[in-house]
Amino acid sequence: MSRKWIIPFFMAACLPFLSGCWSSIELKELAIVSAYALDKKEDGTYVGTFQLINPMNVPGALQGGASGQNPSIATYTATGDNPLEVADRASTIVSRDLYFAHTSLLVISEELAREEGLSSILDAMERGIEFRTTTKIVISRDVKAGEFVQVLTAIDQVPAEKAIKSLEFTEELYGENIATNLQKFINAAVSTGKEPLVSGFSVEGDIEKAKTMEQLQSSDGSATIKVNGMGVFKEGKLVNWIDGEKSEGTLWVLDQIRQAPVNIDWENHEDAISYKVVRQKTNVATKIKDGKPAISVHIRAEGDLRVIEVPVDITNPHVLFRIEGALQQKIQAEAKAAIEVAQKTKTDIFGFGEKLHHSEPKVWQQFEKEWQDVYFPALDVDVTVEAFIRRTGMRNNPYLFDLNKKSE
Amino acid sequence: MSYRKLRKKMHYKEQIPDSASDTQKSIDTSITENLNFIKQKTGNSPDIIIRTLAISHDPKVSAAIIHVDGLVDNPTINEFLVQTMEDSVQEKLQDEDLFTVFTEKVVAVGSLETVSDWDTLFQSLLSGDTVILLDGKNEALIASTRGGERRPVEQSDSEITLRGSKEGFTESINTNTALVRRIIKNPNLWVESMNLGKQTNTDLSIMYINGIVDENIVKEVRQRLGRVDLDAILDSGYIEQVIEDESSGLFPTVTHTERPDAVAGNLLEGRVAIFVNGTPHVLIVPAIMIQFFQTPEDYYVRFPISTLIRMLRVFMFLISLIGPAFYVAVTTFHQEMIPTDLLVIIASQTESVPFPAIVEALIMEVTFEILREAGLRMPNKISATISIVGALVIGQGVIQAGIVSPAMVIVVATTAIASLATPNYDIAISARLLRFAFMLGAAIAGFYGIILGLIMLIVHLVSLRSFGIPYMAPFAPLIPKSLKDSIMRGPIWSFNERPKSLNPQNRVRQGTDQKPLPPIKRGMMRAETKEGDKNES
Amino acid sequence: MEKAKISTSQLFIVMILFQLSNSLLIPLAMRAGRDSWLAILIATAISIFLFFIYRALYLYYPSLLLTDYTEKLIGKVLGRTLAFLYILFFLYSAARVLREFGVMLLSFAFPETPLFVASALMILVVIYTIYKGIEVVARTGELLFVVMLMLAFFLFLLIAISGLIDISNLRPTLEDSPKILKTVFTETLYVPFGEIIVFTMIFPYLNQAKKLKKTAVAAISITGVALAFTTILNISVLGVPLIERSLFPLLTTIQSIEVGEFLERLDVIFILALIIGGFFKVAVYTYCALIGTASLFNIKEPSKLAYPLGITVLFTSMVIASNYSQHIEEGLNAFPIYVQLPFQIILPVFLLFIAFIKNRKK
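Residue numbers (full-length UniProt numbering), protein chains in the order written: chain A, 1 to 408; chain B, 1 to 537; chain C, 1 to 362.
No wet-lab data here; the hints were simulated from the structure.
There may be inaccurate statements among the hints.
[Stated by the list, open to error] Within a straight-line C-alpha distance of at most 30 Å, the following computed BS3-like cross-link-like pairs (lysine-lysine) qualify:
#1 LYS213/C to LYS500/B
#2 LYS481/B to LYS211/C
#3 LYS210/C to LYS500/B
#4 LYS179/C to LYS362/A
#5 LYS500/B to LYS3/C
#6 LYS292/A to LYS179/C
#7 LYS40/A to LYS346/A
#8 LYS132/C to LYS500/B
#9 LYS481/B to LYS213/C
#10 LYS237/A to LYS369/A
#11 LYS182/C to LYS369/A
#12 LYS5/C to LYS214/C
#13 LYS344/A to LYS234/A
#14 LYS219/B to LYS3/C
#15 LYS182/C to LYS362/A
#16 LYS214/C to LYS481/B
#17 LYS165/A to LYS209/A
Based on the provided sequences and hints, a complete structural model is requested.
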C-alpha cells in the first residue's frame with residue numbers, strides 16, 4: 001500500500017467509531033422550550049413547568065398545517081429536587097429532549113424568589129451549556145409561575161415571546177420596568193456594590209379559561225399577561241416590590257429611561273401637562289466628604305410636550321421655562337422617593353457602591369463589607385435635574401387657549 | 001514517481017515493437033513500385049486518390065498526384081496542380097532537373113517541400129497535403145493543399161459573454177492559431193508545433209510571447225509534452241490529463257478556453273497556450289485557482305462591477321461546496337444557532353419527514369445530480385420534459401408527500417444554482433464532488449467536521465502547483481501587487497505590471513499614467529471668466 | 001531541515017496566528033483581575049527581550065535549528081540530550097494544546113462526543129499538514145489568517161453596535177499592582193509569549209534573515225495588543241466576576257451579542273476561531289518536533305515522521321490529565337514554573353552565554 005493512502009485508510013478505519021454521531025440530534029427529536037417556570041411545593045421540592053413550542057401549530061410555519069385550531073404551545077409539569085432534575089423528569093414525560101437553547105424566559109414564582117432565592121437556580125442555568133445568558137428572568141406576582149406560562153396569548157403565538165415583547169415595550173415606552181437577563185442578574189448579584197432588579201408579571205382575568213383555546217377565540221380574551229412592578233433582590237432573595245412612580249424614579253437614577261411620560265400638575269389641574277422624554281442622561285458622581293461617601297445624581301432630560309389639558313400659552317418662552325421648572329421638581333421628587341425606598345430596604349439597586357468602587361478604590365475597601373446595611377441607608381444623595389422641552393408637538397397653543405380667549 | 005517505477009516504465013517501453021519500422025524503407029525510384037507501396041499501406045482505401053499523368057512523352061516520364069479525398073482543398077489541386085501540370089507536358093525532356101522545373105515553373109501552390117522518407121510522406125498526405133511523385137526520383141514533392149470541409153468560426157457555446165468578441169475556436173489548429181495572431185500582431189508571438197499520438201499523429205502547437213513568458217515555463221511545457229506517449233489524442237483533454245500537476249485530479253491545474261481573446265489575454269500575462277488539432281478547447285498553463293473564477297468579460301466592463309461579480313462567484317463556489325453540509329450541521333448539531341422563529345418554521349416542516357437530515361440531503365442531492373446529467377445529454381426537446389418531471393414530479397411531489405422538507409429543497413436548489421453560476425465547469429465539478437464529502441463530515445461532527453474539512457482543503461490547495469506556480473497565488477503566498485487582479489479586479493489603468501507569480505521576463509505592462517484625465521470639473525471651480533466669454537450657464 | 005523557504009510576511013503571520021490561537025479563547029492573565037490587559041501588555045514588552053535572546057542565538061548559527069546548535073555549544077552528549085528534551089517539550093506542549101482544544105470544543109458544542117474522537121480527527125488534519133512541510137504550513141496560515149481577520153472585524157463591529165461595551169467595568173485600574181507583575185511572571189509571560197521559543201526551529205527557513213528583527217517584533221507587539229484588546233473587550237462586556245467564572249470568556253461575549261432580531265447566537269464564529277487556532281498551534285508545535293527529530297536522528301525523509309509523532313501527540317494528550325480541572329491546574333501552576341520557565345528562558349539564556357564565550361575565543 002502506498003503511503004499516500006494511509007490517511008484515507010486511517011479515516012476509513014475511524015468510521016466505525018463515528019457511527020454513533022453522539023452529539024447529533026434531529027429537529028423532530030427536540031422539544032423546543034420557550035419558557036421555563038419554577039414554583040415551589042410545601043415540601044421544598046421544585047415544580048417546573050415547561051412551555052414547549054408545538055411547531056405544527058404555529059400559524060404560517062407550515063402551509064395547510066393545523067395552525068390556528070390548536071394552541072401553538074404545550075406545557076408539561078414535573079417535580080424534582082433541583083431545576084435540572086426537574087428538566088430530566090420532564091424529558092421522560094415529553095418523550096423528546098427538552099431543548100433549552102431557545103428558552104427566552106425564565107419565570108420564578110414570587111414565593112420561591114422570596115424564600116429560596118435565585119442563587120442555586122441560576123447556577124444550574126449558567127452551568128448548563130444549553131441555557132443562554134441572554135435568557136430573561138421575570139417574577140410571577142400573585143400567580144403561580146406554572147400557571148403564568150400556561151396562559152395563551154392571541155397575537156403572539158408563543159406566550160413567552162409576548163411576555164418579552166411587553167417587557168421590552170413597557171421598558172421603552174413607560175420606563176416602569178427593566179428587562180433583566182441571567183447575565184445582568186448574576187453580575188449585579190455578585191457585585192458588593194449593586195443589587196439586581198427583576199420585573200414582575202401578573203395575570204389579570206380568568207386563568208383557567210386562559211389556558212384553553214377559548215382564550216384565543218374571543219377578541220378580548222379571558223386573561224392578559226401584564227407587567228407589574230419591579231422586584232428588588234438582596235443576597236439573591238426577593239425583598240421588596242417597587243411599583244408605579246417609584247419604579248419610574250428608580251429608572252431615572254439608573255439611567256435606563258428611554259421614552260417615559262412625565263405628567264405634571266398645572267394651576268390646580270392634576271396631571272394637566274404631559275411630557276414625553278426622548279433623550280435622557282443620568283450622571284452619578286461620588287465623592288468623599290469628611291470620610292463619608294456622598295453621591296450626587298444629575299439627571300438631564302430632553303423631550304416633547306404631548307398633552308396639554310389646560311389653556312397655557314406655550315408660545316411664550318417664559319411659560320415654557322416654568323413648565324420645565326415644574327418638570328424638574330417632579331422628576332427630582334420621583335427620583336428622591338425611589339432612593340428613599342431603596343435606602344429603607346437597605347438595598348443598593350442603583351449601584352452607587354460600584355460607582356464608588358470605580359472612583360475611589362482605596363476608600364471602598366473600608367465600606368465594602370457593610371455597604372448595603374450600614375453605609376448605603378445613611379448615604380447622602382443629592383439629586384439635581386435639568387429638563388428641556390425641545391418641541392411642543394404639531395401645534396403651538398392648545399385650542400383650549402383659544403377657547404378661553406373667546407369666552408373672555 | 002519513484003525511481004523504481006520509472007525504470008520499470010522505461011523497460012516496458014523498450015519492449016514495444018516499433019510499429020513504424022516497416023515504413024522505414026526509403027522512397028524507391030520506380031513510381032509504380034511507390035504507388036503500389038502506398039496502396040498496400042493504406043489498404044487500397046478508396047479515399048486515397050491517385051492520379052497518374054505523363055509529363056514528358058520522350059522519354060515517357062509519368063508523375064502521380066496523390067491526395068486524400070475530403071482533406072484537401074479541391075480547387076487548389078485542380079487549378080494549380082493538375083491544370084498546370086497538364087499544361088506543361090513536354091514533348092521532350094530537357095536536361096534540367098525535373099524537380100527544379102516542377103518547383104519553379106509548374107506547381108503553383110503556396111508551400112512546397114521535398115521529402116525522401118515514407119514517414120513524413122504519409123504524415124503530410126494524411127494531414128491533407130498533396131504528394132507528387134515523379135518517375136525515377138527517390139524523393140517526393142509535398143504541396144500544401146490542406147483544406148476541406150471544416151466548421152466555420154462561430155460563437156462558443158460554453159463561454160458566452162455579453163460583451164466582447166463573438167469568435168470562438170474551431171476544430172482546425174491553423175484557424176485557431178490564426179485567430180490569436182489576428183489579435184496579437186507581434187513577431188514575438190512564437191508558435192512551436194509538434195506531432196503527438198502514436199496512432200492519431202495529432203498536430204499540436206504551443207504558443208507564447210517570447211520576451212514576456214518565463215523561459216522556465218516554456219521549457220517545462222516542452223519537457224512535459226515531450227514525455228507524452230499516448231496512443232491517441234482525441235481532444236486536448238488527453239493532453240491535459242497527462243501534463244497536469246495534481247494526480248488526484250480533484251482540482252484543475254490546467255485551464256482551457258474556446259475564446260481567442262482569453263488566450264490572447266493569458267499569453268500577454270506570460271502564460272503558454274497549447275493548441276490541439278481537432279478540438280476548439282485550447283489549454284492554457286500555468287493555471288491558478290482564482291483564474292477559474294474569472295472570465296474575459298471581467299476586463300471589458302467597469303472594474304467595480306466585475307469586482308463584485310468575482311466576489312459573488314467565489315461566494316457561489318463556497319455555497320455549492322458547503323451549502324447542504326451547513327444545513328445538515330445546523331439542524332442536527334447546532335440548533336441553538338438558528339433564530340427561534342426560523343427554527344420553529346424548520347421544525348414544523350421536518351416534523352413529518354421520516355428521514356434524518358443527512359439522508360434527506362443525500363436523497364435530494366443525488367436526485368439533482370441525476371436530473372442534471374439527464375438534462376445535459378439529452379436533445380433540447382427531451383430536456384424540456386426532464387425539467388417538467390424534475391420540477392413538478394420530484395420537486396413538488398416530494399414535498400407534498402412529506403418525504404423531504406421544503407427547507408431542504410430550498411437549500412439543494414440554491415446549491416445547484418450556485419454551482420451552475422461558477423463560470424468554469426472544471427472547478428464547479430470539483431465542488432460538486434467535494435460537497436458530498438462535506439455533507440458526510442457535517443453529519444458526523446457538525447461544524448467541526450465542516451471546518452476540519454475546509455482546513456484540509458486549504459492545506460491541499462496551497463500544496464498544489466501548476467507548472468511551478470503556486471496554485472493559490474496571489475493569496476498564499478501573498479503577492480500584494482497581484483491582488484488587484486484576483487478576487488478583485490482593479491481598474492485597467494492600474495495594471496502596470498504583469499502578474500508577479502508568473503515571473504514574466506518583461507514586467508512592465510503599460511505606461512504608468514493611464515488613468516483617465518478628463519478636463520477639469522466644472523462643479524466647484526472658481527470662475528475665471530473673461531469678458532466676452534460665452535460660458536454655458 | 002527541509003529545503004523550503006518562507007518569506008517574512010509568512011513568518012509574521014505564522015507567529016501571530018500561533019500566539020493568538022488558544023490565548024484568544026481562554027481567560028488570560030485573569031489572576032490580575034480587571035488589570036489583566038495591563039499584565040498582557042507588560043508580558044508583551046518582556047517577551048520582546050526574550051525574542052532578542054532567541055535571535056542572538058539564531059545570529060550565531062543562522063542556518064541551524066535550535067536542536068542542532070545545542071550540540072555545537074555544549075558538546076555531543078549533553079547537547080543531543082538537551083535537543084531531545086526540547087523535542088519532548090514541543091511534543092508535550094502540542095499535546096497540552098490539543099487537550100485544551102478538545103475539551104473546549106466538546107464542552108460547549110459536542111457534549112456527548114468522546115474526547116479521543118475529536119482529538120483524533122484534529123490530529124489527522126495536523127498530520128496531513130505537517131506531512132507537506134513548512135511551506136504548506138505557512139501558506140495555510142496565510143489563508144487562515146485572512147479568515148481570522150475577517151471574523152475579528154465582524155465580531156468587533158457587532159459588539160460595538162450592539163451597545164454591550166461598558167467601559168466602567170474596567171475601572172478602577174491598577175488596584176493591585178504587585179498582583180499584575182506576579183501574574184506576568186508566573187503565567188502570562190510563558191503562555192503565549194514564551195512559546196515563541198518554537199520559532200528558533202523556524203527562523204532558519206526565513207529567506208530574508210535581515211528582516212527578522214522587524215518582522216518578529218512587529219508580530220509579537222501586534223499579538224500583545226490584540227490579546228490586550230480582546231481582554232478589554234471581554235471585561236467591558238462581561239465584567240470581571242463573570243469572566244472569572246466562565247471557561248471561555250470570548251464565547252460568553254459572543255453569546256451576549258444581540259443585534260436586530262437576527263444577528264444573535266453567533267457561536268459558530270467561536271467554533272471557527274477555536275478550530276483554526278487549535279489546529280494551527282498543534283501543527284506548528286508538532287512540525288517543530290518533527291523537524292527537530294529528523295535532524296537529531298539524521299532521518300532522510302522527515303515527512304515520514306508525521307504519522308508516528310502525530311499519534312504520539314494524540315495519545316499524550318489523552319493521558320496527561322484525568323480531568324480538565326487537573327489539566328488547567330497544571331497549566332497554571334506547575335507547567336509554567338517547572339517546564340516553561342527553564343525551557344523558554346533559563347536554558348536559552350544559558351546557551352546564549354556559552355555561545356558568547358565560545359565565539360569570543362575565536
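We went through each hint and held it up to the structure:
Pair hint LYS213/C plus LYS500/B holds up; C-alpha atoms about 26 Å apart against a cutoff of 30 Å. The suggested pairing of LYS481/B with LYS211/C holds, with an alpha-carbon distance near 20 Å, which does not exceed 30 Å. Our distance criterion of 30 Å between C-alpha atoms is met by LYS210/C and LYS500/B, whose separation comes to about 23 Å. A C-alpha spacing of about 16 Å is found between LYS179/C and LYS362/A, which places the hinted pair at or below 30 Å, so the restraint holds.
Between LYS500/B and LYS3/C the CA atoms are separated by roughly 22 Å; this keeps the pair inside 30 Å, and the hint holds. Taking the CA atoms of LYS292/A and LYS179/C, the gap is near 29 Å; set against the 30 Å cutoff, the hint holds. For the suggested pair LYS40/A and LYS346/A, the alpha carbons sit about 27 Å apart, so the restraint of at most 30 Å is met. Between LYS132/C and LYS500/B the CA atoms are separated by roughly 24 Å; this keeps the pair inside 30 Å, and the hint holds.
Distance hint between LYS481/B and LYS213/C is fulfilled; the C-alpha atoms sit about 24 Å from each other, no more than 30 Å. Distance restraint check for LYS237/A and LYS369/A: the Cα-Cα separation of roughly 18 Å lies within the 30 Å cut-off, and the hinted pair is therefore satisfied. Distance check on the hinted pair: LYS182/C and LYS369/A sit about 27 Å apart at the alpha-carbon level, within 30 Å; holds. For the proposed pair LYS5/C and LYS214/C, the alpha carbon gap of about 18 Å is at most 30 Å, so the pair holds.
Using a Cα cut-off of 30 Å, the hinted pair LYS344/A and LYS234/A holds, with the two alpha carbons roughly 13 Å apart. Taking the CA atoms of LYS219/B and LYS3/C, the gap is near 23 Å; set against the 30 Å cutoff, the hint holds. Distance restraint check for LYS182/C and LYS362/A: the Cα-Cα separation of roughly 20 Å lies within the 30 Å cut-off, and the hinted pair is therefore satisfied. Annotation: proposed proximity of LYS214/C to LYS481/B holds, straight-line Cα distance about 21 Å (limit 30 Å).
The straight-line distance between the Cα atoms of LYS165/A and LYS209/A is roughly 23 Å, inside the 30 Å bound, and the hint therefore holds.
Violation of the numbered hints given earlier is absent; every hint is satisfied by the structure.
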